[in-house]
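S.K.: Here are the chains, one letter per residue:
Protein chains: 2
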Amino acid sequence: MHYPEPISKLIDSFMKLPGIGPKTAARLAFFVLSMKEETVLDFAKALVDAKRNLSYCSICGHITDVDPCQICQDQHRDKTMICVVQDPKDVIAMEKMRDYNGLYHVLHGAISPMDGIGPEDINVPSLLKRLQDEEEVKELILATNPTIEGEATAMYISRLVKPSGIRTTRIAHGLPVGGDLEYADEVTLSKAVEGRREI
Amino acid sequence: MHYPEPISKLIDSFMKLPGIGPKTAARLAFFVLSMKEETVLDFAKALVDAKRNLSYCSICGHITDVDPCQICQDQHRDKTMICVVQDPKDVIAMEKMRDYNGLYHVLHGAISPMDGIGPEDINVPSLLKRLQDEEEVKELILATNPTIEGEATAMYISRLVKPSGIRTTRIAHGLPVGGDLEYADEVTLSKAVEGRREI
Numbered sequence: 001m002h003y004p005e006p007i008s009k010l011i012d013s014f015m016k017l018p019g020i021g022p023k024t025a026a027r028l029a030f031f032v033l034s035m036k037e038e039t040v041l042d043f044a045k046a047l048v049d050a051k052r053n054l055s056y057c058s059i060c061g062h063i064t065d066v067d068p069c070q071i072c073q074d075q076h077r078d079k080t081m082i083c084v085v086q087d088p089k090d091v092i093a094m095e096k097m098r099d100y101n102g103l104y105h106v107l108h109g110a111i112s113p114m115d116g117i118g119p120e121d122i123n124v125p126s127l128l129k130r131l132q133d134e135e136e137v138k139e140l141i142l143a144t145n146p147t148i149e150g151e152a153t154a155m156y157i158s159r160l161v162k163p164s165g166i167r168t169t170r171i172a173h174g175l176p177v178g179g180d181l182e183y184a185d186e187v188t189l190s191k192a193v194e195g196r197r198e199i
Numbered sequence: 001m002h003y004p005e006p007i008s009k010l011i012d013s014f015m016k017l018p019g020i021g022p023k024t025a026a027r028l029a030f031f032v033l034s035m036k037e038e039t040v041l042d043f044a045k046a047l048v049d050a051k052r053n054l055s056y057c058s059i060c061g062h063i064t065d066v067d068p069c070q071i072c073q074d075q076h077r078d079k080t081m082i083c084v085v086q087d088p089k090d091v092i093a094m095e096k097m098r099d100y101n102g103l104y105h106v107l108h109g110a111i112s113p114m115d116g117i118g119p120e121d122i123n124v125p126s127l128l129k130r131l132q133d134e135e136e137v138k139e140l141i142l143a144t145n146p147t148i149e150g151e152a153t154a155m156y157i158s159r160l161v162k163p164s165g166i167r168t169t170r171i172a173h174g175l176p177v178g179g180d181l182e183y184a185d186e187v188t189l190s191k192a193v194e195g196r197r198e199i
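Chains A and B supply the protein sequences, listed in that same order.
Counting along the first sequence from 1, when you hit position 86 you're at 86 in full-length UniProt numbering, and nothing is skipped either side.
Counting along the second sequence from 1, when you hit position 134 you're at 134 in full-length UniProt numbering, and nothing is skipped either side.
Treat the hints as calculated values from the structure; they're not laboratory data.
Bear in mind the structure is a predicted one, so any value in this text is a computation, not a measurement.
C-beta atoms are modelled at their ideal positions from N, C-alpha and C, and glycine is treated no differently.
Among these hints, one or two may not hold up.
Rough simulated footprint, nothing fancy, chain B against chain A, three-plus residues with beta-carbon under 8 Å [to be verified]:
(1) 4–13
(2) 29–43
(3) 49–55
(4) 86–94
When you get a sec, could you build the whole thing from the sequences and use the hints?
M.R.: What follows is the structure, encoded as structure tokens:
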């Protein structure tokens with residue numbers, strides 16, 4: 001006999017989450033037992049609510065509880081710019097910056113032939129359709145991750161979009177602010193030199 | 001605007017768990033969105049069930065869904081031995097060993113004057129009462145943690161119980177199996193030498 005059934009079920013549930021092994025799951029499950037009943041009920045409700053009430057925006061693909069999402073609905077945003085990102089979390093990161101006031105398009109992934117993910121498997125077709133339908137778009141900022149897949153995706157989209165006359169830009173690569181030249185990898189450093197600007 | 005409300009509530013709930021900060025909480029919350037609805041419902045149910053259906057055994061203090069717990073109820077167990085541990089997780093560790101067939105008593109803590117925790121604040125009184133009531137107990141194995149508090153608790157209980165004629169033993173200190181003499185700390189090594197046995 002090991003754990004009583006209710007706790008072993010809870011441990012199993014925690015173990016389904018990424019990065020949580022049996023020891024951590026047991027620790028979390030025991031912690032739940034020490035929490036107030038109200039807090040645990042809130043947690044359970046939050047789980048179900050998040051799963052049931054959230055969906056993806058039919059326009060930009062961002063995660064949302066209303067459709068279209070608040071960003072797409074917002075009349076104060078600059079509708080001439082669309083920033084293309086891989087993931088809803090990237091939208092949050094961009095929004096935290098508070099510098100960007102345009103719209104978004106979330107691809108939900110990147111092109112990766114090694115994993116059998118082509119442009120049709122991510123939100124590229126919906127982006128192209130959106131660019132055709134919304135004539136006011138003037139600039140497409142490609143903010144996919146600076147990885148091989150992200151670069152390939154940015155390159156692919158820019159080649160498709162450029163002929164239509166829309167300006168396509170790629171976010172800059174270089175040293176992170178607060179970083180150290182000494183510890184920068186060669187590729188980043190070479191990108192930083194390549195992208196140097198007059199001051 | 002940051003996350004839509006349902007997801008920010010879920011992130012808040014995850015952040016209440018120990019060792020989970022904002023970044024991990026966001027990662028877990030997004031993972032929940034990608035899980036099957038059924039799995040999420042099971043998770044929510046497991047949370048509520050664990051909180052509602054589990055309590056502590058009125059005899060030994062171990063966590064259980066039936067009272068008395070399965071170990072206390074089991075007629076095949078050796079009722080002449082009680083192993084005193086600090087935590088329900090320690091019972092699980094002992095059970096995994098499969099070598100021990102006696103009963104348990106879970107203290108839910110250790111005596112720690114620094115934190116204002118005295119013998120009355122942990123399950124010591126219930127242990128003493130149990131030893132008085134159950135006359136068949138012949139040995140009390142003190143398996144509190146090998147820390148200052150655990151040692152003090154073991155010492156305290158053994159002094160109280162010894163006059164009654166019950167044998168009190170302390171689990172051995174020494175090198176962990178598979179350990180390395182070179183990396184053992186001085187105190188462990190000195191305990192290992194002290195506890196040496198003829199072979």
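S.K.: It remains to establish, for every hint, whether it holds in the given structure.
M.R.: Going down the list of hints, with the structure as the test:
1. Check on the segment 4–13 of chain A: 8 of its residues sit with their Cβ under 8 Å from a Cβ of chain B, so the three-residue criterion for coverage holds.
2. Counting residues of the segment 29–43 of chain A whose beta-carbon sits less than 8 Å from any beta-carbon of chain B gives 12, enough to reach three: the coverage restraint holds.
3. For a cut-off of 8 Å, the count of residues in the segment 49–55 of chain A with a CB near a CB of chain B stands at 6, and the three-residue condition holds.
4. Chain B is given as covering the segment 86–94 of chain A, and this holds because 3 residues of the stretch bring a CB closer than 8 Å to a CB of that chain, at least three being needed.
In terms of the numbered hints stated before, the structure departs from none.
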